[in-house]
Amino acid sequence: MAEIAQDGGGGHKKGGKVRSKKMSTRIDFTPMVDLGFLLITFFMLTTTLAKPNIMALVMPEKDIKKEDVEPVKESKVLTLLLGGNDKVYYYEGITDAKLDSTDFSAEGLRTVILNKMDKVKGQFGTETYKKKNKEGVEEERTDGSYINVLIKPTKESRYKNLVDALDEMAICKVRYYVILDVSELEEKFIKDPASGLKFNVDEQVEAATK
Amino acid sequence: MPKNKPKRSAPSIDMTAMCDVAFLLLTFFMLTAKAKPQETVVIDTPSSISETKLPDAGTLTIMVGKDGKVFMDMAGQHTRLSLIDDINSRYQLGLNDQQKMKFANLGSFGVPRAELKKYLDLPPSERASYPVSGIPIDTADINKSELADWIHNARLAQFRMKQEGKVKDEYVMIVKADQTTPYPAVQKVINTLTDINVNKFNLITSMEGGPKKE
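Chains A and B, in that order, are what the protein sequence lines are. Counting in my numbering, the first sequence runs from 1 upward without gaps. Counting in my numbering, the second sequence runs from 1 upward without gaps.
Okay, chain A solo, but in the shape it has when bound (with noise of 0.2 Å):
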């Protein structure tokens, strides 16, 4: 332990004159650094120093124009449906729909994601579009055909689904994706698969755009 130095202090000298007594300056520090060390727990431990991560997300509008409904092609777009106990139901387009499940994992919906966009990419050959880069600046890219992501979360998933669902269409590049809820044909697909999808677009533009 440091300890303060008291040897400071003179005595009489002999048959010399009286000096004031010279005291050390040296200060034992150990408190002050006990005192120091235990507000910088304090604070380390009360401050919220890391900021949260963010995932930033755009909803369509609510009021939808029927003349601004564009058409994409069918063979394009892939439905999720995000399913109770961390599954994932999946059908392409909407004739002759069959639907399939499938997990999370890299291997699960990535791989259909892939599949699908390899699938879209062989049927209509490579898109170039413009984006901008991290500077700002406008340039040409040739990542491949675009698919239609429609994510459809059902009543008995968890937001983690949603969460995850939507990691998978940032790590796939997905370009156009959308989050909708479940529509009863869905659920009723879903717990009939064999029945098929019976599907009219244009109810399904009327309900949209009522």
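In short, the hints are calculated from the structure, not lab data. Glycine included, C-beta positions come from ideal geometry on N, C-alpha and C. Treat the hints with caution; some may be incorrect.
[As the list claims (entries may be wrong)] Just so you have them, the derived chain B footprint on chain A, three or more residues with Cβ under 8 Å:
(1) 23-34
(2) 39-46
(3) 51-59
(4) 163-170
[Said to hold, decoys possible] Okay, derived cross-link-like pairs now, PhoX-like style, lysine-lysine, Cα gap no bigger than 25 Å in a straight line:
(5) K119/A x K155/A
(6) K66/B x K87/A
(7) K69/B x K155/A
(8) K100/B x K168/B
(9) K155/A x K188/B
(10) K191/A x K87/A
(11) K173/A x K166/B
We have chain A; now place chain B onto it with these hints.
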């Protein structure tokens, strides 16, 4: 022959340098510190690969707990004071200046409007044990939804403050939900937001390593 014993004294260490370091760190932590707001609800956010950080601008956070209860928190004392003034006079809550001040300094809250007065009167230690029911959402009629009303008015209050030059930016909207929150609860919040034309918002996630790049 007497042994030549070295003179023993307690080892003295010079603490000055250590003290310097300690106080340097202390100063650093004090200046960067932002008091952890009192949590009314524990939320374990799902992990994602997103690396975008929360912006410094004022945030309006809507929290959805595990049980689907909805809480709200917004930054800025001025805005909160202006907001509660507005809400108080509109819905005749009968809050006095002291209670309004309490609201301005409050962290997140999740009580129906009618219970707000009672909730504010509680000492902070008892608020944690108050049986909060969350902010009510009416999905059928947006004009009756308290959550929509709070968000709308909070954004208006922030806008007023911006015009007065008290804050720089408008609110950044944030949705924070627990991993295990059932989707319908989140859906209600998202629908409320899109109903009042808030189509851009952010989901809070925690860090996760991205896939390995080939």
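### Message
Hint by hint, where does the structure go against what was stated? Just the numbers, ascending.
### Response
Numbers 5, 11, in rising order.
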